[in-house]
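Got chain A; can you put chain B on it based on the hints?
Next come the chains, spelled out residue by residue.
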Amino acid sequence: MASLPRSPRRRPPIPWHLAVFLGPAVLLYSAFMVFPLLDSLRLSMLAPDGGFAGLENYQRLLTDGNLAPRFWGAVQNNLVFFGIHMLVQNPIGLLLAVLLSTRVLRGRAVYRTLIFAPTVLSVVIIGFIWKLILSPLWGVAEGGLDAIGLGSLFEPWLGLQGSALITVSLMSVWQFVGIPMLLFSAALLAIPDEIIEAARVDGAGPLRIFSRIQLPMIAPTVGIVAILTFVGNFNAFDLVYSVQGGLAGPEFSTDLLGTLFYRTFFGFQLQSGSPTLGATVAGMMFLMILFGVCLFLFGVQRRLVRYEA
Amino acid sequence: MFYKRFGTLAAVAVLAVSACASPGATVRPSGSTPASSAPVASGTAAPSATTGGSQVELTIESWRNDDLTIWQDKLIPAFQAKYPNIKVTFAPTAPADYNGILDSKLKGGTAGDLITCRPFDASLKLFQQGQLASLNDLPGLKNFGDVAKSAWITDDGKDAFCVPMASVIHGFIYNTDAFTKLGITKTPTTVDEFKAVLDQIAKDGTYTPLAMGTKDMWESATMGFQNIGPNYWKGEDGRKALIAGTAKFTDKPYVDTWKELASWKPYLPKGHEAIAYPDAQQYFESGKAAIYPAGSWDISYFEGKGVKIGFFGPPVAKAGDECYVSDHTDIGMGMNAKSAHQAEAKQFLDWVASDEFATLYANALPGFYSLSNNPVTLEDKVAQQAVDLRKSCKSTIRNSYQILSRGDTEKGQKNLENELWAVTAAVINGTKTPEAAAKEIQDGLDAWYKPTN
Numbered sequence: 027m028a029s030l031p032r033s034p035r036r037r038p039p040i041p042w043h044l045a046v047f048l049g050p051a052v053l054l055y056s057a058f059m060v061f062p063l064l065d066s067l068r069l070s071m072l073a074p075d076g077g078f079a080g081l082e083n084y085q086r087l088l089t090d091g092n093l094a095p096r097f098w099g100a101v102q103n104n105l106v107f108f109g110i111h112m113l114v115q116n117p118i119g120l121l122l123a124v125l126l127s128t129r130v131l132r133g134r135a136v137y138r139t140l141i142f143a144p145t146v147l148s149v150v151i152i153g154f155i156w157k158l159i160l161s162p163l164w165g166v167a168e169g170g171l172d173a174i175g176l177g178s179l180f181e182p183w184l185g186l187q188g189s190a191l192i193t194v195s196l197m198s199v200w201q202f203v204g205i206p207m208l209l210f211s212a213a214l215l216a217i218p219d220e221i222i223e224a225a226r227v228d229g230a231g232p233l234r235i236f237s238r239i240q241l242p243m244i245a246p247t248v249g250i251v252a253i254l255t256f257v258g259n260f261n262a263f264d265l266v267y268s269v270q271g272g273l274a275g276p277e278f279s280t281d282l283l284g285t286l287f288y289r290t291f292f293g294f295q296l297q298s299g300s301p302t303l304g305a306t307v308a309g310m311m312f313l314m315i316l317f318g319v320c321l322f323l324f325g326v327q328r329r330l331v332r333y334e335a
Numbered sequence: 005m006f007y008k009r010f011g012t013l014a015a016v017a018v019l020a021v022s023a024c025a026s027p028g029a030t031v032r033p034s035g036s037t038p039a040s041s042a043p044v045a046s047g048t049a050a051p052s053a054t055t056g057g058s059q060v061e062l063t064i065e066s067w068r069n070d071d072l073t074i075w076q077d078k079l080i081p082a083f084q085a086k087y088p089n090i091k092v093t094f095a096p097t098a099p100a101d102y103n104g105i106l107d108s109k110l111k112g113g114t115a116g117d118l119i120t121c122r123p124f125d126a127s128l129k130l131f132q133q134g135q136l137a138s139l140n141d142l143p144g145l146k147n148f149g150d151v152a153k154s155a156w157i158t159d160d161g162k163d164a165f166c167v168p169m170a171s172v173i174h175g176f177i178y179n180t181d182a183f184t185k186l187g188i189t190k191t192p193t194t195v196d197e198f199k200a201v202l203d204q205i206a207k208d209g210t211y212t213p214l215a216m217g218t219k220d221m222w223e224s225a226t227m228g229f230q231n232i233g234p235n236y237w238k239g240e241d242g243r244k245a246l247i248a249g250t251a252k253f254t255d256k257p258y259v260d261t262w263k264e265l266a267s268w269k270p271y272l273p274k275g276h277e278a279i280a281y282p283d284a285q286q287y288f289e290s291g292k293a294a295i296y297p298a299g300s301w302d303i304s305y306f307e308g309k310g311v312k313i314g315f316f317g318p319p320v321a322k323a324g325d326e327c328y329v330s331d332h333t334d335i336g337m338g339m340n341a342k343s344a345h346q347a348e349a350k351q352f353l354d355w356v357a358s359d360e361f362a363t364l365y366a367n368a369l370p371g372f373y374s375l376s377n378n379p380v381t382l383e384d385k386v387a388q389q390a391v392d393l394r395k396s397c398k399s400t401i402r403n404s405y406q407i408l409s410r411g412d413t414e415k416g417q418k419n420l421e422n423e424l425w426a427v428t429a430a431v432i433n434g435t436k437t438p439e440a441a442a443k444e445i446q447d448g449l450d451a452w453y454k455p456t457n
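First to last, the protein sequences are chains A and B.
When we follow our numbering, the leftmost residue of the first sequence carries the number 27, and every step to the right adds one.
When we follow our numbering, the leftmost residue of the second sequence carries the number 5, and every step to the right adds one.
Bound conformation, chain A alone (with noise of 0.2 Å):
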């Protein structure tokens, strides 16, 4: 402790391997991912003249006499869109998960093919296959209604206010529901088979096992597969493009923040864009996911117990 020249202990070596291995991803995320949204962001401070405007546009954006309504309508349609999918998706792919786990079902890697087939698919072709389902002039959907006696039941879903939306988004619901069930098939697998056996023979039904058993050893999945569908939803354009145009008629009602962002950043038909309120577009986007994000992560996820499996 005395003589201060040689140090006792050896100063650990620089942990190059590291750098080695975080370095591509680091790089090719901060120049494709990070500089972007950041740059997005200093653009939607900015005047069209290309001044500084602080929060100007926010503020326009929220409460302009012609831009707040279309912004809270898109956030109001965007949260009906991401309570179906909460609603109605994930449950069915949680109970697609589960059928497909149990042993006594054939041909699983099948089913599990064909259900997740249609999340491969361009949008453009989802869009496509169901506008022609649902034609008034030339779908199906009427004849099969009709050969069940529902033919009474058949309305132009696509084109009216209170409908589009609800069909659009159950679209979108059947598309991607094969992720929950993949996720929550994974989740399944790795519960190890000595407990629900264990649990078997201390007579428990199949329901018991999975409201006590499956259910807790999954929770962290069903916490992520939230977190997916709040992020995919919020960040949604492409199925409302090619369904309903870029206007995402009847009257704005299947307008999501996508749609929004697209016509204020781009423009529309006779419409000019402005990126800069386009930008500012992005940015609320980037702020309600952000925070939705954070809510999932601090309110639930960290309160989640996690069994060893």
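Worth flagging that the hints you see were computed from the coordinates, not collected in a lab.
Where a beta carbon is used, it is the ideal one built from N, C-alpha and C, also for glycine.
Certain hints may be false.
Which chain A residues stay away from chain B? Per the calculated CB distances, all over 12 Å, these [claimed, not checked]: (1) A45; (2) L48; (3) F58; (4) L93; (5) Q102; (6) F108; (7) F180; (8) G185; (9) R226; (10) P232; (11) A245; (12) L296; (13) M314.
Example chain A residues on the side facing chain B (calculated, C-beta under 7 Å, incomplete) [what the hints assert, rightly or not]: (14) P74; (15) Q85; (16) R86; (17) P162; (18) L176; (19) P182; (20) L184; (21) L273; (22) Q297.
Chain B in isolation, oriented as in the chain A frame:
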């Protein structure tokens, strides 16, 4: 075990993705691939100025990809027969990319000598930036009326900068077999006759009276509001009054137009709320409908498709009333202000303004009409029926295009044209009253537009 299963699944996924990659690409709107060939073509134009004595090369910039063969095989040879010393190249760009590419070419000094002009503000901006030359001294411009020139003239009407080339006319295409079968011998000319015909078709039940959908919304505004509206607001008088601020969308003529459109609902196909433009086209083409609210560009689509068609104009309120027809200016041609061959370029433009060009062009593209004052004879009978409306009726253009279309997103202003789409579709769907529609449109306009008196 799971991972093994997952592996096969992933393989299926990859296959599926690669399988739909190519159709996915073709679905996109007229892609950027043709665009890349355009700069090459225009690059060859400028340098050859002095090579062969009097031989001069001119290049045309255009977004009309579709017309390439027409220019190469019909129009340019006809011009060169008269002016053998001027060689002309038609160098189109993909429609969606045209404005942007043209802008960068003009700024970089590589644009062709002749510029195909979009109507209104896009071209006006080029003129104000000094990129399009003034054509006030072009003799051929006297062949065009004020409405024809309105799309390519300064707001004060002093400087014209493009020769009007083509317009599209609105009206109704009808299924002649259906009319014959129902014993309708005379096409309707008044609103009452129009309604009587619709009622007769509806009562008979064989045909859907009107083939139009309201899902894509622009048909409601373009083939509905802008089609029948001019007879209500007296064409140019009403359009100019809106710009001058002496008329409002809440005035009777406009509300009445929306009222009339609202009354179309029972005559439209069931489920029209979810019927898109191509659906309506195919429905009419299949012979199941009697009348199709149309733009003249639809004529060439329907011809040769099995359904026999005729054309009649928008109905007037009372027999004997002056009629007005939407004769919307769509394509023009101007001169690059920095062209090295201005004299030759003007010779070409003067030819574009001539009757010879008008006849050639209108016959090559039925449904796109020359805007020249001198009547053109068309071989296509239906296209001729549509253009004959010019003789009996006064021409006007869509009221949401000139000046009033300048609602600026940047300032949070609503765009009149886009608002008309949504609102008019809602009126026909019955989810908005004509009065509410009128108020919404006028409020949106009042929020930013101050007439300059």
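Cross-check of the supplied hints:
1. A45: holds (31 Å)
2. L48: holds (26 Å)
3. F58: holds (21 Å)
4. L93: violated (4 Å)
5. Q102: Holds, because the least Cβ-Cβ distance between A/Q102 and chain B comes to about 17 Å, which exceeds 12 Å.
6. F108: Given that every Cβ of chain B is farther than 12 Å from that of A/F108, nearest at about 24 Å, it holds.
7. F180: The claim is violated: A/F180 sits with its nearest Cβ about 8 Å from chain B, within 12 Å.
8. G185: Non-interface label fails for A/G185: nearest chain B Cβ at 3 Å, not farther than 12 Å.
9. R226: holds (20 Å)
10. P232: holds (20 Å)
11. A245: A/A245 is indeed farther than 12 Å from all Cβ atoms of chain B, at 19 Å.
12. L296: Answer for A/L296: violated, closest chain B Cβ roughly 4 Å.
13. M314: holds (20 Å)
14. P74: At 5 Å from the nearest chain B Cβ, A/P74 passes the 7 Å test, so the hint holds.
15. Q85: violated (11 Å)
16. R86: It holds, given that the least Cβ distance between A/R86 and chain B is near 6 Å, below 7 Å.
17. P162: The hint holds - A/P162 has a Cβ within 7 Å of chain B, the shortest such distance being about 2 Å.
18. L176: Violated: closest Cβ of chain B sits about 16 Å from A/L176, beyond 7 Å.
19. P182: holds (3 Å)
20. L184: Cβ of A/L184 sits 4 Å from chain B, so the hint holds.
21. L273: Constraint on A/L273 satisfied, holds at 6 Å.
22. Q297: For A/Q297, the interface hint holds, since the closest Cβ of chain B sits about 4 Å away, which is under 7 Å.
Violated hints for the displayed structure, listed by number in ascending order: 4, 7, 8, 12, 15 and 18.
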